[in-house]
Amino acid sequence: MSFPLLEAQGLILRFGTTTALDDVGIAVHPGEVVAIVGESGSGKSTLLRVLSGQLVPAAGQVTYRDAQGQPHLLHEMGEAALRRLMRTDWGFVHQNARDGLRMGVSAGGNVGERLMAIGARHYGDIRAQATEWLRRVEIDEARIDHLPRTFSGGMQQRLQIARTLVSRPRLVFMDEPTGGLDVSVQARLLDLIRGLASELNIAVLLVTHDIAAARLLAHRLMVMRHGRVVEQGLTDRVLDDPQHPYTQLLVSSVLAA
Amino acid sequence: MAYVAVKGGEAAIANAHGWMAERRRGDPEVPALSTRQVEEQLGLAVDRVMAEGACHDRGLAALAIKQAQGDLIEAAFLLRAYRTTLPRFGHAAPLDTGAMRVQRRISAVFKDLPGGQLLGPTLDYTHRLLDFALAAEKEAPPEPAAEIPGDAAGRLPRVADFLVREGLMRREADSGQEPPDLTRDPPDFPASRAARLQNLARGDEGFLLSLGYSTQRGYGNNHPFVGEIRQGKVAVRFTPPELGFEIEIGAITVTECEMVNQFQGSKSEPAQFTSGYGLVLGRGERKAMSMALVDRALKAGELGEDRTAPAQDEEFVLMHSDNIEATGFVEHLKLPHYVDFQSELEVIRRMRSTAGTSATGSEA
Amino acid sequence: MSHDPGYNFAYLDEGTKRMIRRTLLKAVAIPGHQVPFGAREMPLPYGWGTGGIQVTASILGRDDTLKVIDQGADDTTNAVSIRRFFARVAGVRTTTRTAEATVIQTRHRIPEAPLREGQVIVYQVPMPEPLFRLEPRLAETRRMHALADYGLMHVKLYEDIARHGHVSTAYNYPVMVGGRYLMSPSPIPAFDNPKMDHMPALQLFGAGREKKIYAVPPYTSVRSLDFEDHPFRPHRADGTCAFCGARDSYLDEVVCDDQGSRMFICSDTDYCESRWEPEQ
Chain A
1 MSFPLLEAQG
11 LILRFGTTTA
21 LDDVGIAVHP
31 GEVVAIVGES
41 GSGKSTLLRV
51 LSGQLVPAAG
61 QVTYRDAQGQ
71 PHLLHEMGEA
81 ALRRLMRTDW
91 GFVHQNARDG
101 LRMGVSAGGN
111 VGERLMAIGA
121 RHYGDIRAQA
131 TEWLRRVEID
141 EARIDHLPRT
151 FSGGMQQRLQ
161 IARTLVSRPR
171 LVFMDEPTGG
181 LDVSVQARLL
191 DLIRGLASEL
201 NIAVLLVTHD
211 IAAARLLAHR
221 LMVMRHGRVV
231 EQGLTDRVLD
241 DPQHPYTQLL
251 VSSVLAA
Chain B
1 MAYVAVKGGE
11 AAIANAHGWM
21 AERRRGDPEV
31 PALSTRQVEE
41 QLGLAVDRVM
51 AEGACHDRGL
61 AALAIKQAQG
71 DLIEAAFLLR
81 AYRTTLPRFG
91 HAAPLDTGAM
101 RVQRRISAVF
111 KDLPGGQLLG
121 PTLDYTHRLL
131 DFALAAEKEA
141 PPEPAAEIPG
151 DAAGRLPRVA
161 DFLVREGLMR
171 READSGQEPP
181 DLTRDPPDFP
191 ASRAARLQNL
201 ARGDEGFLLS
211 LGYSTQRGYG
221 NNHPFVGEIR
231 QGKVAVRFTP
241 PELGFEIEIG
251 AITVTECEMV
261 NQFQGSKSEP
271 AQFTSGYGLV
281 LGRGERKAMS
291 MALVDRALKA
301 GELGEDRTAP
311 AQDEEFVLMH
321 SDNIEATGFV
331 EHLKLPHYVD
341 FQSELEVIRR
351 MRSTAGTSAT
361 GSEA
Chain C
1 MSHDPGYNFA
11 YLDEGTKRMI
21 RRTLLKAVAI
31 PGHQVPFGAR
41 EMPLPYGWGT
51 GGIQVTASIL
61 GRDDTLKVID
71 QGADDTTNAV
81 SIRRFFARVA
91 GVRTTTRTAE
101 ATVIQTRHRI
111 PEAPLREGQV
121 IVYQVPMPEP
131 LFRLEPRLAE
141 TRRMHALADY
151 GLMHVKLYED
161 IARHGHVSTA
171 YNYPVMVGGR
181 YLMSPSPIPA
191 FDNPKMDHMP
201 ALQLFGAGRE
211 KKIYAVPPYT
221 SVRSLDFEDH
231 PFRPHRADGT
241 CAFCGARDSY
251 LDEVVCDDQG
261 SRMFICSDTD
271 YCESRWEPEQ
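Protein chains in written order, with UniProt numbering: chain A, 1 to 257; chain B, 1 to 364; chain C, 1 to 280.
Just to be clear, a hint being listed does not mean it is correct.
EDC-like, lysine to aspartate or glutamate: derived pairs with alpha carbons at most 20 Å apart [stated by the list, open to error]:
| no. | chain 1 | residue 1 | chain 2 | residue 2 |
| --- | --- | --- | --- | --- |
| 1 | B | Lys66 | B | Asp96 |
| 2 | C | Lys156 | A | Asp66 |
| 3 | B | Lys334 | C | Glu253 |
| 4 | C | Lys156 | C | Glu135 |
| 5 | B | Lys334 | B | Glu344 |
| 6 | C | Lys26 | B | Glu302 |
| 7 | B | Lys334 | C | Asp75 |
| 8 | C | Lys17 | B | Glu205 |
| 9 | C | Lys17 | B | Glu166 |
| 10 | B | Lys233 | B | Asp57 |
| 11 | B | Lys233 | B | Asp96 |
| 12 | B | Lys66 | B | Glu39 |
| 13 | C | Lys156 | B | Glu344 |
| 14 | B | Lys66 | B | Glu29 |
| 15 | C | Lys156 | A | Asp99 |
| 16 | C | Lys26 | B | Asp96 |
| 17 | C | Lys156 | A | Asp125 |
No lab work stands behind these hints, which were simulated from the structure alone.
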């Protein structure tokens, strides 16, 4: 069994009198898709921000293992190293494509940015890769020079995924990637993410309130409530045989809907 | 030939100076304006030039206004350029505006308050009708104003202090740090409040007025009330190194405004009032109020409010408030830029020829 | 020549000059890095070269010979005004000859004649931050410089090529200094950029309003940003100087009459004169 790519123990974080994270631990292995589910205010988005280095926990630690297998304590890496990590080995897909895209830059430029940030200096190569990625996320390559604001919501989200995956990250954080999209568009996007993640062997840490999305994508599931992990396990096991009353409620509300 | 004509040279500059001097003087039949007249009769212009020129000297400000033909930004610039050459002896002790000999002191949040409401000299309740008697130059000397009761009566309590004492208003903490000197230290962001206030105190009145106004129109609203405006003379105290103790070296007129603003409270703090502060050299009441609104808006970050409006954006406000910097950079566009323009011409022509359009257009 | 006794030599007081010289030393030690400094108010408006003047004032000695150019020419109004300022407040020798000058203050051009060791060229800089059109926040650009996070600048070049087939920046074309810091060369035409690379003279940059100083020490690498398959190419008008016949210099286009006839002449007046004088 390989070492986890990302591992966290004993994470605690409070905002004023609210406990956002109460002794949370997690491990993500290479190529594994892990979903964190829970309703809004459960602490799942806070957990994502702590795990991706954007927030510092009051207690606990997050360990990241680089491509050479070396472990690093995330919150001691320093901003420069963290930024480098974010544009090479890691990626982040935002719920709102506008937060993840440069709206004033063409689709090709958006996809090419990470390549240029890590040193690509051949225009023709960058463009070829951008074209290839647009094809992979099912965007007409004739639109390579168009601005994202002329794209539909689903296309923007697919462009954001191309922009993130172009540098072949080993771990991608996704924050409600299908939120705000039509149901038919959601299904297609989930299918695309699942295909790319398994094809490229990318580990994904997904935050969602959408149980159906979690079931489709995730190998493993963590259920959060009030800053605590109430249940975790293989996706099918948790959803088909929920143990915790809160999980049972979540699952039944989906079935009822 | 044409080439010679486009180069300015010394003669053209000398001629420009000469022509400008003639313009400044105007019709020689009309008596020249004395700087004393400017100082005495255009007092609010003098005050504004002192505030934005960041130099308290009525005589020099009047001279600058005369020299600048009444262009107040140009006058402030002249004063700044002069001020920068002056030797520095040190810095004065913080002004104690609590001990101000007030000529005007009003509060909009209490009907009456210890020390009383003192209306003082103001246009607040004046009908803005052109007074043709002034044009007829048959101005009768105004009645001498009655002595203001309570003037020089010692310390006047501050409205903000009442609220702080009751726990209704956030107490402003002294960071204990030596304030930066914006004439010596380059700006650094995020800026300290001391640096912010210094910047605003000499910022352009029009800029601060518009920004303050924008907060009232919903761009960063913070529900302001005028807690207190006071205007009058304060002593300037200074410790000369050769004496080693503090002495009073004079008194200057300043206007101070404290706004009382609503605050909804945050996760960590209960609801309470907050404040915005304005202090301006001279009788710059409009500016002191605007400054207080902007100061409060700039606290959005530390109070955990969303920073969405221009007035809440520290870098935006502080980097664009100085009218001397702004006027220079805007007006420098008049300087020749033909070398850069030439390279742009080449690029545009190249683009048009690659795009297949004729660079000469539809010439017949 | 002597200077105006009403002012300290070269206008600024000695304390201010020392502060600026310390800033210059730091700037030279970190080529291309913008060093904040306590810029003073000058009797010229901001945007007219207050940064360049402060740098020049701080390094000027009594034995220096000063040349001032604007748009490459010694006789443009702003160049005349700054040269007269220093003649008055420093009393130093002034010249229009590039070869004779020890200090050259410039706006928008680098002289055509190669500069040599021992000379200093002082650039007037309006916006020192090369990233400001892409990211206006100083707090953010400072972080980008610290982390050498310059991908965004390349995105801009990529966009230019995608849209126009080539980079559309004609002046103030960004450069990498010493392989580390992205730097604005000031609004010189891209044509002049190659002159900055491994220049034997010391290059100093002063931005008064923005309160920044930066420097390129002699013989330092200065590379204009580009792509391998779209290399940087300096451009000039395809013409010949009507006065001296130069085909290699940067040219000004002059409209001669109402019919729109044009001619080209050297933007560097000293270079032009030096080429036709011997023939007289």
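Failing hints, ascending?
1, 2, 6, 8, 9 and 16
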